[in-house]
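Let the sequences and hints guide you as you build the complete structure.
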Amino acid sequence: MNKYDRQIRLWSEAGQGSLKSARHLVLGVTAATTEFVKNMVLAGIGHVTIVDGNSVTEADRSASFFMHHDVDGSNRAQVIAQYIQSLNDEAEVVGAAENPNHYIQTPELLASYDIIITTRLADDILMQLWKNVCKTSVLIQIDSYGCVGQVRSFFLWHTIVDSHPESRVELYLHNLWSEIESYSDSIDLEALENHDHEHIAFVVLLIKALQEWKRRHHNGPPSTLPEKKEFKAIIKAFERTYDQENVSEAVRNAWRVSVPKVPEGLSKLFEIQEGCNLREFGLQLTFFSLVRALKQFVAKYDRLPLSGDLPDMKSDTAGYNRIVEIYRTKAKQDAEQFARVYLNLCQLEGLEPASQSEIEHFCKNCRHIRALRGVPPNEDKRLNLRVHEDSEFKSIFSAICGANEYLYRNHLTTWYGDQSAAEALRDYSAHYADQVGLVYDSSAEELHSVSAFLGGIAAQEATKFTLHQYTPFMHTLVYDAIKQATHVFLNGEIFN
Amino acid sequence: MATRQNLAALRVLVIDVIDMDTIDVTNLNRQFLFSESDVGKAKASVAAEFVNKRVPGVKVVPHVSAIQDMSDDFYERFNIVICGLDSVEARRWINAKIVGLVDDNDPTTIRPLIDGGTEGLRGQVRVILPTITACYECSLDMIAPQKTYPLCTIAATPRLPEHCIEWALVVGWPQWHSELFDADRPDHMQEMYERALERAKEHCISGVTLSLTQGVVKHIIPAIASTNAIVASACCTEAFKLATAIAPPLDNYMTYAGNDGAHAYPFSLDARPDCPVCGGEALRVDLAKSATLSDLLESIAVQAPKASISAASGPLYMRNPPVLEKATRANLTKPLSELFESGSELVVTDATLPFSLRVTVRFSQDDHR
Ligand SMILES: [Zn+2]
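The listed protein sequences derive, respectively, from chains A and B.
When we follow our numbering, the leftmost residue of the first sequence carries the number 1, and every step to the right adds one.
When we follow our numbering, the leftmost residue of the second sequence carries the number 1001, and every step to the right adds one.
There may be inaccurate statements among the hints.
[Unchecked claim] No farther apart than 25 Å at their CA atoms in a straight line, the calculated lysine-lysine pairs in the DSS-like style are these:
#, chain 1, residue 1, chain 2, residue 2
1, B, K1289, B, K1334
2, A, K214, A, K236
3, A, K229, A, K261
4, A, K330, B, K1201
5, A, K332, B, K1201
6, A, K228, A, K214
[Claimed, not checked] DEER-style ranges, computed between Cβ atoms:
#, chain 1, residue 1, chain 2, residue 2, range
7, B, T1209, A, E179, 25 to 31 Å
8, B, P1145, A, E230, 34 to 40 Å
9, B, P1335, A, D312, 53 to 59 Å
10, A, S86, B, A1144, 37 to 43 Å
11, A, D89, B, T1148, 37 to 43 Å
12, A, M1, B, P1335, 55 to 61 Å
13, A, K135, B, D1270, 50 to 56 Å
14, B, K1218, A, W255, 32 to 38 Å
15, A, K135, B, V1025, 37 to 43 Å
16, B, K1218, A, G417, 52 to 58 Å
17, A, D312, B, E1076, 46 to 52 Å
18, A, K300, B, K1218, 55 to 61 Å
19, B, L1013, A, D312, 50 to 56 Å
20, A, G437, B, S1268, 23 to 29 Å
Derived by calculation from the structure, the hints in this document are not laboratory data.
Idealized CB from N, CA, C, for every residue including glycine.
Below, the structure is given as structure tokens:
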């Protein structure tokens, strides 16, 4: 069996392929970034470069399990890279004995990475890095101090095709097409024996109820509460035996006859791309050209393409198979029509089209696609102005940013015995002495288990960014290990 | 396993690790203590050897064994128990064991139990302080039941590929083989897949694959390195708090979800006074003096349908092993008063229960039944 079996069950072979072709750059070795790299390499990332100019010290060994006792004096990045490489020979792990600042100031060195991981960078330098990479990469910073820490993500746009919704089922009963209607009409409920009647799929019961509804009312599907009640009563009247399962399923799914709306976030995405030069979306060009095609599809057919997914339902095998076939055929037709619209658009705009399977994947998931618009690192400062956010987490955030700043300005890795550090941290978060204490008491040292938690979260986020599956958090997540709680300071926009 | 790494880096001195399993290739996507050359070796031994070699001053002692095979003496040696078990049964068992070891007069017998688990991008961590906080058994109804398919569907009206696989497993296999199905045998799995595929073709159902067959019959739960690291590290932070008293432990449950954003959310579960494991009070049964041991077993059949029962003096009726069953069978027809005194506390065990039940039996003076 494949060693990635347990994760391919989550994100499919295609997702595993995205990981395999991803390239990450890690600037600075700490326990947290080491944990991050370990998680990504085990998951099968294609390439990681780890950059650190320092040699292994006694202190490193106590914070990181990967530093063996016979490596004192060797370069940290190379020691870590060599060890982590041994975990998975399908990943490529490179250690570069360089000062991370050298990378930060050299755009050519940064260009080939899709995700860049930093740690404890002061905001100014983070901003400098951001300016060099924002068009090509996602930036993730991990800061771990004693029993608190945070993970921050910076990106211009991030798009998600498969957000892993609970269900993609869409019946489109408000707008019946001939195949499904004539299948339903071929069934004469009255004429059936009880056993057969109990095995009629609820989709058919809903269609029949809807036909009866239309005979009684000449407007659209039931919408008001009394109308919905009446509609459910029509369904209920099909019942022959007490608590008949398929009838109960139909009642539970009665809401599905209403006219499905284009989700609000999707409408906004339609607006955002309107009139834009699609090339402005940079890395997300393909996604937004698919969005534009989707808008054209909706304009033409007045609905989104069908996913073709159906839930299991009480039914005999043949009846269920027939319905599945009808829905799959319809979804396939929709996908073909969508592809035609899209390819036409690409030709007009002179764009390189996505692959057949990418187009189909987008079409199947179109109702649940998402886009996140991020903000640059210096927008963090706005967080301080948000009075409604949880104040304890906000002060941890401020104290950590202050700690990063202090260490950076003073060229330090610790403030052990340094009284002015506490004063400096207090300046950053004037009113929250307790939380400053949580950071200051750490002497800037990492608690391994706290770093492992943060490295785990950062790896989940990097994985989600790489896969374009699942939804990353927006901006800043603060962790308090004393409470075992996190808080996300949302900054940016989510379209879903 | 990541738990072990964190604990070692925190300089906890002695760690005993129990695991009966051997390393499978599918463990490697989340295991840095194992490499491909370790496949087939015992997990506990490889992990222990790795940490012992890497972290001077820490001693890891491996036990390649089922948790159920370790004695009370063994569990009494520890201050903290951490588990990352893969089944409800095993969790119920260890919970009942650790709660059962509490002596009300000796606070050092309250051994914190830290439990972690993951599924995909989600996970949870809980800290159980036996007899103080809610125990695992207290919140048993929180656990989602395993997905099952009605027999009538799999037999008569299959619709999904899963129905075909379940049919091959539940209906088909016992007809074709006298040998029990073994999910770890590749030839068994291959045949299961082929039979399920055949069934699916007969019913024009698509989607049966070897991977899906494995997933259904082995109840495979997706697992990734990063989620395991998150949960394992939170377990270690809790162990660290308990060992050093630098901060109060988690009270008493934290869920983590990374599917949509990322949230670690702590909350407190309440202990149930009527919890059969930590609820405290023994079950009280009143019976006539002339009642027999059979009558007693009948009166506790709801709580323990296949009970074995002992008094302080020794076993009264044991269902296993057969020798002991034979030796104690005669007691079944004896009046209780011949076996023990009124008000005695008896211990009831049952193979279907992960814990023993304490029962106090009082004799009513007259036989009014
Ligand atoms: Zn309990």
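Structure-based check of each hint:
Pair hint K1289 (chain B) plus K1334 (chain B) holds up; C-alpha atoms about 11 Å apart against a cutoff of 25 Å. For the proposed pair K214 (chain A) and K236 (chain A), the alpha carbon gap of about 17 Å is at most 25 Å, so the pair holds. A C-alpha spacing of about 22 Å is found between K229 (chain A) and K261 (chain A), which places the hinted pair at or below 25 Å, so the restraint holds. With a C-alpha separation of about 23 Å, the suggested pair K330 (chain A) and K1201 (chain B) falls inside the 25 Å cut-off, and the hint holds.
A hinted pair counts as satisfied when its Cα atoms are at most 25 Å apart, and K332 (chain A) with K1201 (chain B) qualifies at roughly 22 Å. The straight-line distance between the Cα atoms of K228 (chain A) and K214 (chain A) is roughly 13 Å, inside the 25 Å bound, and the hint therefore holds. In this structure the hint that T1209 (chain B) and E179 (chain A) lie 25 to 31 Å apart at CB holds, the actual value being about 28 Å. In this structure the supplied range 34 to 40 Å holds for P1145 (chain B) paired with E230 (chain A), their Cβ-Cβ distance being about 36 Å.
Checked against the hint of 53 to 59 Å, the C-beta distance between P1335 (chain B) and D312 (chain A) comes to roughly 57 Å, which is consistent with it. For the pair S86 (chain A) and A1144 (chain B), the supplied restraint of 37 to 43 Å holds, since their beta-carbon distance comes to about 38 Å. The beta-carbon spacing between D89 (chain A) and T1148 (chain B), approximately 41 Å, falls within the hinted interval of 37 to 43 Å. Hint check: M1 (chain A) to P1335 (chain B), Cβ distance near 60 Å, so the stated range 55 to 61 Å holds.
For the pair K135 (chain A) and D1270 (chain B), the beta carbons lie near 53 Å from each other, so the given range of 50 to 56 Å is met. About 36 Å separates the C-beta atoms of K1218 (chain B) and W255 (chain A), a value consistent with the hinted range of 32 to 38 Å. For the pair K135 (chain A) and V1025 (chain B), the supplied restraint of 37 to 43 Å holds, since their beta-carbon distance comes to about 40 Å. The hinted window of 52 to 58 Å between K1218 (chain B) and G417 (chain A) holds, with their beta carbons roughly 56 Å apart.
Checked against the given bound of 46 to 52 Å, the beta carbons of D312 (chain A) and E1076 (chain B), roughly 49 Å apart, stay inside it. The beta-carbon spacing between K300 (chain A) and K1218 (chain B), approximately 47 Å, falls outside the hinted interval of 55 to 61 Å. Look at L1013 (chain B) against D312 (chain A): about 53 Å separates their beta carbons, and that is inside 50 to 56 Å. Remark: the range hint 23 to 29 Å for G437 (chain A) to S1268 (chain B) is upheld by a beta-carbon distance near 25 Å.
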